[in-house]
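Visitor: With the hints as constraints, model all of the structure from the sequences given.
Keeping their order, the protein sequence lines are chains A and B.
Counting with this note's numbering, you get residues 1 to 114 for the letters of the first sequence.
Counting with this note's numbering, you get residues 1 to 113 for the letters of the second sequence.
No wet-lab data here; the hints were simulated from the structure.
Do not rely on the hints blindly, as some may be mistaken.
16 angstroms max Cα-Cα, derived EDC-like pairs, lysine to aspartate or glutamate [claimed, not checked]:
{"no.": "1", "chain 1": "A", "residue 1": "Lys106", "chain 2": "A", "residue 2": "Glu16"}
{"no.": "2", "chain 1": "A", "residue 1": "Lys109", "chain 2": "A", "residue 2": "Glu8"}
{"no.": "3", "chain 1": "A", "residue 1": "Lys68", "chain 2": "A", "residue 2": "Asp84"}
{"no.": "4", "chain 1": "B", "residue 1": "Lys15", "chain 2": "B", "residue 2": "Glu83"}
{"no.": "5", "chain 1": "B", "residue 1": "Lys54", "chain 2": "B", "residue 2": "Asp30"}
{"no.": "6", "chain 1": "A", "residue 1": "Lys106", "chain 2": "B", "residue 2": "Glu42"}
{"no.": "7", "chain 1": "A", "residue 1": "Lys109", "chain 2": "B", "residue 2": "Glu42"}
{"no.": "8", "chain 1": "A", "residue 1": "Lys49", "chain 2": "B", "residue 2": "Glu101"}
{"no.": "9", "chain 1": "B", "residue 1": "Lys54", "chain 2": "B", "residue 2": "Glu68"}
{"no.": "10", "chain 1": "B", "residue 1": "Lys41", "chain 2": "A", "residue 2": "Glu8"}
{"no.": "11", "chain 1": "B", "residue 1": "Lys44", "chain 2": "B", "residue 2": "Glu85"}
{"no.": "12", "chain 1": "A", "residue 1": "Lys60", "chain 2": "A", "residue 2": "Glu8"}
{"no.": "13", "chain 1": "B", "residue 1": "Lys44", "chain 2": "A", "residue 2": "Asp2"}
{"no.": "14", "chain 1": "B", "residue 1": "Lys44", "chain 2": "B", "residue 2": "Asp30"}
{"no.": "15", "chain 1": "A", "residue 1": "Lys68", "chain 2": "A", "residue 2": "Asp55"}
Please read all numbers here as calculations on a predicted model, not as lab measurements.
Residue strings, one per chain:
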Amino acid sequence: GDSVTQMEGPVTLSEEAFLTINCTYTATGYPSLFWYVQYPGEGLQLLLKATKADDKGSNKGFEATYRKETTSFHLEKGSVQVSDSAVYFCALSNYGGSQGNLIFGKGTKLSVKP
Amino acid sequence: EAGVTQFPSHSVIEKGQTVTLRCDPISGHDNLYWYRRVMGKEIKFLLHFVKESKQDESGMPNNRFLAERTGGTYSTLKVQPAELEDSGVYFCASSLVLGHEQFFGPGTRLTVL
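Guide: This is the structure in structure tokens:
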């Protein structure tokens with residue numbers, strides 16, 4: 001079945017460092033790909049998404065490109081801030097037929113130190 | 001506009017007891033999803049409602065779990081009787097249209113002792 005694998009944390013960075021969180025997927029067809037973020041004490045929020053190959057999703061300085069040839073959707077940010085400390089989840093959805101559920105990776109906890 | 005809300009935020013019960021979790025989706029969202037995250041593992045899909053109908057319940061772990069969505073508004077997820085392995089965080093999400101962004105609630109942390 002479909003699955004998502006993302007690098008396990010925790011990841012600790014200093015402010016202004018470069019961030020990469022790797023995510024690869026296994027899926028039939030042409031899934032949509034997502035990054036969700038969970039800040040402390042809050043629910044998951046959609047950070048960015050891409051719905052087809054070579055699409056780049058971006059938001060709040062974060063970017064991820066849908067690479068079908070490598071089945072990857074790595075999350076990057078050029079300069080992290082303390083406020084980016086959160087748990088990041090990579091996810092996919094195959095909206096074929098009536099399915100609508102998301103399939104998540106295990107999550108990566110990011111801590112950014114001042 | 002209010003987001004997805006869940007109640008309670010935490011619940012601690014003993015093995016064998018019953019617990020009912022509640023989710024209020026964003027008003028007007030026909031699609032409602034339940035997910036669960038067991039410690040250190042992936043967030044796993046449990047089931048999907050479209051209005052009051054169960055569209056997909058393939059992720060429900062066993063018949064100790066019962067989900068309802070009477071009237072197509074809020075939903076409840078009952079666990080009876082609870083087992084130790086049911087501990088985790090239960091998330092609810094809603095979306096306006098199938099395939100569109102899902103908006104998540106803050107989750108209910110369930111601890112079964």
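Visitor: Take the hints in turn and mark each one as holding or not.
Guide: Structure-based check of all given hints:
1. Among the hinted pairs, A:Lys106 with A:Glu16 is inconsistent with the structure: their alpha-carbon atoms are about 25 angstroms apart, more than 16 angstroms.
2. Taken as a hint, the A:Lys109 and A:Glu8 pair is honoured in the structure, with Cα atoms around 8 angstroms apart against an allowance of 16 angstroms.
3. Taking the CA atoms of A:Lys68 and A:Asp84, the gap is near 27 angstroms; set against the 16 angstroms cutoff, the hint is violated.
4. With a CA separation close to 5 angstroms, the supplied pair B:Lys15 and B:Glu83 stays within the 16 angstroms bound.
5. Only pairs whose Cα atoms come within 16 angstroms are accepted, and B:Lys54 paired with B:Asp30 is accepted, the gap being roughly 11 angstroms.
6. The suggested pairing of A:Lys106 with B:Glu42 holds, with an alpha-carbon distance near 4 angstroms, which does not exceed 16 angstroms.
7. At roughly 13 angstroms between alpha-carbon atoms, A:Lys109 and B:Glu42 fall within 16 angstroms of each other, so this suggested pair holds.
8. About 9 angstroms separates the Cα atoms of A:Lys49 and B:Glu101, which keeps this hinted pair within 16 angstroms; it holds.
9. As the CA atoms of B:Lys54 and B:Glu68 are separated by approximately 8 angstroms, the hinted pair is consistent with the 16 angstroms bound.
10. A threshold of 16 angstroms between alpha carbons decides the hint, and for B:Lys41 with A:Glu8 the separation of about 11 angstroms falls inside it, so the pair holds.
11. As the CA atoms of B:Lys44 and B:Glu85 are separated by approximately 14 angstroms, the hinted pair is consistent with the 16 angstroms bound.
12. Among the hinted pairs, A:Lys60 with A:Glu8 is inconsistent with the structure: their alpha-carbon atoms are about 22 angstroms apart, more than 16 angstroms.
13. A C-alpha spacing of about 12 angstroms is found between B:Lys44 and A:Asp2, which places the hinted pair at or below 16 angstroms, so the restraint holds.
14. Restraint check: the Cα-Cα separation between B:Lys44 and B:Asp30 comes to about 21 angstroms, which exceeds 16 angstroms; the hinted pair is violated.
15. Annotation: proposed proximity of A:Lys68 to A:Asp55 holds, straight-line Cα distance about 10 angstroms (limit 16 angstroms).
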